[in-house]
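> Okay, here's what each chain looks like letter by letter:
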Amino acid sequence: MPEVNWLAVLPEVALALGAAAVLLVEVQWKPRTIVLAGVAGWFVLMAVVFTVFQWIWAGDQAAAQDTGRLLAFSRMVAVDGMAIFGRLGLLVVLALSLAGAFELLQALGRRAAEAMAIALLATAGFSIMLSANNLVLVFLGLEVGSIALYVLAGMTRERKGADEAALKYFLLGSFASALFVYGVALLYAGTGQLEILGIREHLAANIVARPAVILIGLGLMLVGLGFKVSAAPFHTWAPDVYQGAPAGIVGYMAAVAKIAGFVTLARIFVSGLPEFQATWAPAMAVVSAISMLIGSVVALAQTDVRRMLAYSGIAHAGFAMTGIIAGETTGVLFYVVAYAIQLLGGFTVISAVSGPEGSGSDLSAYRGLWRRNPGLAAGFALLLFGMAGIPLTSGFVAKFGVFSEVWGTQPWLVVLGVLASVITLAFYLRITVIMYMEGEEGEAVPARPSTRWVVWVTVALTILWGVLPGSLLSVVADAFAL
Amino acid sequence: MLTALVLMPVVAALIVLAVPRRRHEIHLPLGVVLSLGPLALSGYLFWNFEPVAGMQFVVDVPWYEPWGLGWSLGIDGISMPMVVLTALLVPIALGASTSITKRTREFVVLTLLLEAGMLGAFVATDVFLFFVFFEAMLIPMYFIIGVWGSDRRIYAAFKFFLYTAFGSALMLAGIIALAVMHDTQTGAASFALADLANLELSTGAERLLFAAFAIAFAVKVPVFPLHTWLPDAHTEAPTAGSVLLAGVLLKLGTYGLMRFNLTLFPQATVDAVWILGALGVIGIVYGAAVAIVQPDLKRLVAYSSVSHLGFIVLGIFALTSASLQGAVIQNVNHGLTTGALFLLVGMIYDRRHTKAIAELGGLQKPAPMLAGFFLFMTFGSIGLPGLNGFVGEFLVVIGSFPTLPSLAVLAAIGVILAAVYLLWAYQRVFHGVPEGENVTMPDLSPREIGLLAPLVVLVLLIGLYPNVLLDRIGPSTEAVLDNVQEATGYEPPYPGRLVDVFMPGEG
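Residue numbers (the working numbering), protein chains in the order written: chain Y, 1 to 482; chain H, 483 to 989.
Rather than coming from a laboratory, the hints here were simulated on the basis of the structure. All values derive from a computational prediction rather than experimental measurement. You may find that some hints are simply not true.
To be verified - Cross-link-like lysine to any residue pairs, in silico, SDA-like; alpha carbons within 25 Å at most: (1) H:K584 with Y:R367; (2) H:K847 with H:S927; (3) H:K641 with Y:V415; (4) H:K641 with Y:A444; (5) H:K641 with Y:R367; (6) H:K584 with Y:A444; (7) H:K641 with Y:V298; (8) Y:K30 with Y:L17.
Make the full structure from the sequences, and use the hints.
In structure tokens:
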């Protein structure tokens, strides 16, 4: 009987139970959406509480045994600072999305319970992926999360765009997952290990005479995860999915995929394969550079806010990746969490402007938004400045963090990065121009209190982490990796 | 003290924001009154400023220690005049903004936030903190131009933001490089200017970093050929925007060159004096030449800025104490005179709704006060002895003659060109017989006279008794020069020191 330490998986258990509970409550009582959201929210809260327990526990463990991680279930699960921090990010994003997409949930009617349950399951899947020490479990979590996201993308079947988005996402995503799992197999073939820790120990202790198999495996895993975080050249799905899926869901989808994808990238490459850094870092640098350039330049030509944010997300994937290239985790963790929050807030605004299910997010819909809804316009502008990396926002601290980490090894990437940032600034500014400097008249845009709250929370976090970077950075600094 | 100075405008902005939007008549007066607070504080700083080198009123609080970020503030003789100038121009610019009728609350809030950014940039002694203010202030200015500007405002705002952001992106890379080098050389993270100045840099690295910083500041100054954003931004901005842009924001470029390039990269500075000095002189002559042919009065004043700022750049890179002092004092002068000229152009525009020189004429008859102030500021700008411009330009030219004689001669020609374009513009606008609407143009109101009067007093004061500033500036510029001398073995040629110029044989 292997040791069983339930604490290691309690947050995921809570989320899975929550998914079941939401469905059962719906079947039994058919309550109003707000009640269902309350049930889901309660389980999310439980998951947060358990995660905090894990944090405290991991801290004690670090003090006592000097490892700072909890290995459980025959070393399948490793709870370390990185996993806990990423999980907290996922849970915050989930909670904010439930509130931000409330209007959409109401519009979904009876399917609201399904949507919530799927969102909870997706989070559970990505959450277990963050703390997986075994590559098979990583794959399992990745698939649970991804499949749930494919379903969410097609949740509003009535709209043509959503169907197309879901199918495209599903086909390309499955392909990427297949590549990833093949990479896992090759890595296993090369090292005889499936555990990330085991691979590291194996590679540290043995000299690999013929690394070709391992290198091909690495490449395939990079492609698979690169797809999930929408890094170029594996990004082609992103604009269509961002445009087609309901806005309330896109924010959640993109935010959790980025957090989970980047933490896993960091875990596999930084924690598992430091011996091969000289090989994978340049490859990743090329991916990062292509992402920055394609993302920022192509976004300039977009006339739809969602496609614009999709391309800017590609650029952000490139920026965040620079932290991993340096072999560090602090910068990239801060980056993805800060960006995920901004993205979520941004898509909450978009869903308010285009209506819960609508996808009419042409730039012209934002003309004169400052008059039609001053609060939303101001919030959106601040979030966009955050994404652009203007000082006093979390985006600036995030960029500064990853760029200063990578300067020592790949300075050219930093120069490219700051220039790409200026290009991204151009289209973020364009949205503010449209909101504030064009169009004096127009219909008022109503925003529910829950929407307003989500926007202001995300704005507040963006500013707080920008003005007092220590408030999040000191937490990240404790989020030691395996 | 300095923390309060920086935060006061932010608090003021929040207070204005708390006033409901429908009470639009009190936003502007409230903004003016609240912006007197930083002015009073900067006056206190001025009186209590010790005329010695080094930072004073130092504040040093860790911001995020593991990264070595610090809330480090301090002022010396180079930044102190700029702080006072900023605090003075903001209430004047706000007071001159009565023509802004839409979204006044937002306008006042953004102007106050802009003030916080400007003051913060001048008092920051931590490179990271400086960058934060330097970049963050773009946002209020961007909105001020883009929302309240004239016809082509969006284009101008966009161009302004992107040009500056492009320059500062390179500087950000440079700051990261410096911080990483500091970390590897000393094992400690720090962004403090004083720490970074002690780094050992290879010649190549120093030149690259110098270029990164210099381009960022050159865009801001603007140094030819990076100046093309300026005429658009100045012309399209509302009066308050133009005044603050010309009076303060441009000075961040010259201030940055002096504070960062000269201190951090002394060897590269000495190597680059000819390049930047020449660009400065090209700016002087080119700006003046283009100003002569401008059909738009505001654009003319904008190009005169390019020309005047060229003097400051030349003064900085001539690397003598006279030229450096001249550069600092010219920073102030240009803010006073060009700020006033933009105010006056704005007042003409408020009355006549045109800035085209061809449509104006003979304004002296209906508006003698306006004409008088305009002529006075024109003389200040040209450098008539007894007014402030003379002191600055004289020091720059006399200070750059020992090191860059040919450039100094060319710069002196620029002084003549300034007289050509400004006096000719004055003649076309104010002399002659007024026709059409020009006949009935009202003269200045007491409010407008009140706004201009402090500028007139300062123009006279600096012109007649420059020591009020020079005493305070001198030790700091000497320190900058000493630093360059120590680091590179560069000897300012005789008579490079001020004491050699005015008291030969005693120094």
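> It remains to establish, for every hint, whether it holds in the given structure.
Going down the list of hints, with the structure as the test:
| no. | hint | in the structure |
| --- | --- | --- |
| 1 | H:K584 with Y:R367 | holds (17 Å) |
| 2 | H:K847 with H:S927 | holds (16 Å) |
| 3 | H:K641 with Y:V415 | holds (21 Å) |
| 4 | H:K641 with Y:A444 | violated (31 Å) |
| 5 | H:K641 with Y:R367 | holds (20 Å) |
| 6 | H:K584 with Y:A444 | holds (19 Å) |
| 7 | H:K641 with Y:V298 | holds (20 Å) |
| 8 | Y:K30 with Y:L17 | holds (18 Å) |
Of the numbered hints listed earlier, the single one contradicted by the structure is hint 4.
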